[in-house]
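Chains as they are written, first to last, in my numbering: chain A, 23 to 149; chain B, 70 to 364.
Incorrect hints may appear among the rest.
Here are some of the chain B residues that sit facing chain A, going by a computed Cβ distance under 10 angstroms [unchecked claim]:
no.	residue
1	M121
2	V166
3	I170
4	D172
5	V183
6	T187
If you are wondering where the hints come from, they were derived from the structure by calculation, not from laboratory data. Since we're looking at a predicted model, the values are computed, not measured. A virtual CB, placed ideally from N, CA and C, is assigned to each residue, including glycine.
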Amino acid sequence: KMSAQEDGAYPRLNAELMNSGNYAGNIVSLVGCVESFDGRVVQFKCADGGVINAMAEADFAVSTGGFAEFVGAVNEDNSLQLFVTRELPSDMDLEVYNQMLTQVIHNPKFAEYGFVSAPVATNEMAE
Amino acid sequence: MNFGMDYQGAGGGMGDTGGGYQAQSGGGGGNTPAKTRKSYDEQTLIPVTARMVLSATSNSNNIDGGTGSLCLPDGRELYQIKLVGAVRSYEVQSTNVNFEIEDGTGLVEAKMWVDDNTDCTAVQQLRDAVCKDHIYIKLVGQVKDYGGKLNIVAYSVRPITNANELTHHMLEVVHSGQVSKHADSIVAPLASNHTSMGVGFGAGGGTMPMGGGGGGMALEASNSGGGGGGDIQEEVALYIKREGEHADVGASVAACIQSFAGQYTEPQVRQAIDRLASEGLIYSTINEENYKYAQ
């Protein structure tokens, strides 16, 4: 379904990039801090401070205040359909991560290191 | 300078001294006679992303399917690599554990040999700690090419203990790559006040936490911002480079001080020389009063 994205290769995003709407249909990764989970929707604060909603399974296990990487598909409304949650130690410095995102990962100058920045056009938007 | 590595015969540029494994051919006994052990200078440990591993290409002489030397797209030869990524899957077998590791740039396979008979408890515990899906690990190993498929033979796999290891690793990947590209043009990191500069590793000024003096500036660039500590170092380095070529003993410190009289004081010049020497950009020759520029 996610067409041309290579296995294991996905853009790392923050809320601003996510909300740009450019990544709809792509598999992406966001790192953030869990703010709430109501059994269905996880709200987490991203590296740039913006909040993103993710549709999770009932067994989502990261507690509020915990850090994790969330990998999933971007929905039309810029929420995340969560596939994988990777819990991270609580000493995560989100500000540094955000600077890395904006100045390194999404800097075309460093694309040679394999970072994925551009979204992949997906044709199968009709579900 | 030789840091005492010569118990093995020869470090980088020592020529034919000692019975080193650096000698041509016949090294390392037995079934792969064409394989010569790399010198210490070539035994690098390079931080990489999965994409970089997958993009490595083989040099010629790909013998045995596993002994051809591999190169990154930027030309750096691979010896050992380190990588931070998440375990996508793992498979425990009797003699090894196979991992699939992904880091957002690609998916790469890694194999870690195990020996339950000789591995101590701590090793087994560490192995148990990494055999979990969706945890971030750091691995050190070598990239091998088996029949065109690249994978990693891992010597060390351990869970990350600090969440910033991921960020740090990505930054280190880029930093290491950029340094190797610009090695010829880096003079010295600035001591303080990153005034303008702008020629960082894509960061522009001192806003990036990893910045701290990492700005590489071409030796010929003269428009450094303001009269900071970087100016005098650059000028002294230029002087030593220029004057040092006239004599085997290099440039004299006294002459250098004299040439900057009125501009910089003697303590300032001496301090600049000390800094340049500690960074390896200049080296003393017959005594501490004569220096040459390291090419």
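Comparing the hints with the structure gives:
Given the 10 angstroms rule on beta carbons, the hint for M121(B) holds: about 6 angstroms separates it from the nearest Cβ of chain A. Of the supplied interface hints, the one on V166(B) is violated, with its beta-carbon coming no nearer than about 19 angstroms to a beta-carbon of chain A, more than 10 angstroms. With a least beta-carbon distance of about 8 angstroms to chain A, the hint placing I170(B) at the interface is held under the 10 angstroms criterion. Against a cut-off of 10 angstroms between C-beta atoms, the interface hint on D172(B) holds, since the closest Cβ of chain A lies about 7 angstroms away.
With a least beta-carbon distance of about 24 angstroms to chain A, the hint placing V183(B) at the interface is violated under the 10 angstroms criterion. Given the 10 angstroms rule on beta carbons, the hint for T187(B) is violated: about 31 angstroms separates it from the nearest Cβ of chain A.
Checked against the numbered hints listed earlier, the structure breaks hints 2, 5 and 6; every other hint is satisfied.
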